[in-house]
Each structure stands twice: as C-alpha cells, then as structure tokens.
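With the sequences and hints as input, model every part of the structure.
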Amino acid sequence: APAAAAPLYLDAYDVLGYQAAIGASTVEVRDAIRRIFQGFGPVDLGPGMNLPRYTITTTEAGRFVLDANGASQEDPDVSTSLSALEWYVVTNALVERTDLFQLHGAALCTPAERAGLIIVGDSNSGKSTLGLALTLRGFTSFSDDVALVDYKTLELQPMKRSFHLRSEEHTSELQSRLH
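For the sequence shown, this note's numbering assigns the number 2 to the initial residue and increments by one for each residue that follows.
Careful, some of the hints might be misleading.
Stated by the list, open to error - Pairwise CB distance ranges (calculated):
| id | residue 1 | residue 2 | range |
| --- | --- | --- | --- |
| 1 | 122 | 88 | 18 to 26 Å |
| 2 | 73 | 112 | 43 to 51 Å |
| 3 | 51 | 136 | 17 to 25 Å |
| 4 | 74 | 113 | 22 to 30 Å |
| 5 | 51 | 72 | 40 to 48 Å |
| 6 | 47 | 72 | 35 to 43 Å |
These are computed hints drawn from the structure, not numbers from a lab. Note that beta-carbon positions come from the ideal geometry of N, C-alpha and C, so glycine has one too.
Below you can see the structure in the form of structure tokens.
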C-alpha cells in the first residue's frame, strides 16, 4: 500500500482524564473527529506534552489508515476508521479509570433527577434505541455503550458520547412513534 499522507491537523483531547493527541490529514476527517469527541475537547494542554497519538490519514488510493498509538489498520471507508478510533481512545481511557465500575449499557438520569437508570443487554438488543427514546421523553443521557458507576458512592458518572444506532431508519422510526 502507498504510504499514508502525514497528518496536518492535530488536536488534544481529555477523555475521563486520559489525554491524547488525535490528528487527521484532511479538514473533513478532523471535523468528524471533533464531532465524535466534542464532549472531550479539543483542549489546550500546552506545548511539549508527550501524549498517546492517534491519526487518520489517507492513502493515494483513497483508503484510510488509522494509527492508534502504534497499532495500525487500513480501512476502505472513513466511518470504519472513525469507529475504530473512538473504540481505541475510549477503551484506553477506561483502562486507566480503575475507580469506576463499567457496564456495557446506556446510563440515564430520570426527569426528576432523583434516580439513575442503566439499560443493559446483549449487543444489538436495543439499548441505545431505548436510551434515545427516553431522552426524547425527558431523561438525561449520561452515556451510551458504557455505563460508569463510582465504586464508593454508587453514583452514575457521565460520559457524553453520541448514541450508536445501527441505521438512520431506526432513528426515523423512533421519532415517528414518539410524536
């Protein structure tokens, strides 16, 4: 495969205390990264920081190369690279947070803000869809895909991320049923 282009756009992010430099070779990919990690930056961490580094670059053949702090993969489309990038960064952030219990599920706060709710289940069982439906009914989203609970207080901890739905069809169907 031809060599990937050097990253041109580099931002720093702080995901639950895990600081990383994330770069892209195009403005479009950089903007997509900023949308994915909007709750975590970009932040100014000052010069000279030796941060874990993640980049998405393009090859001359139009494929996308993700370098995830040393691990590399080549993908045919940018959405695959972006999904993998998010997985690598969030996974590495969670590995460092030994003070939090982690569950595969969505976490929400009730409309009265007096209780938390965790929706757990197998992959593709509708956790995100139900979580999104509840936000349309006044619940506050704390997280999607991973619910974080403080070991000492048993309180839910927020981790703002986009909902991960399998298709736009699900979103449209959900919105039509709620109105």
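Each hint tested on the structure:
{"no.": "1", "hint": "122 to 88: 18 to 26 Å", "verdict": "19 Å, holds"}
{"no.": "2", "hint": "73 to 112: 43 to 51 Å", "verdict": "45 Å, holds"}
{"no.": "3", "hint": "51 to 136: 17 to 25 Å", "verdict": "38 Å, violated"}
{"no.": "4", "hint": "74 to 113: 22 to 30 Å", "verdict": "45 Å, violated"}
{"no.": "5", "hint": "51 to 72: 40 to 48 Å", "verdict": "18 Å, violated"}
{"no.": "6", "hint": "47 to 72: 35 to 43 Å", "verdict": "27 Å, violated"}
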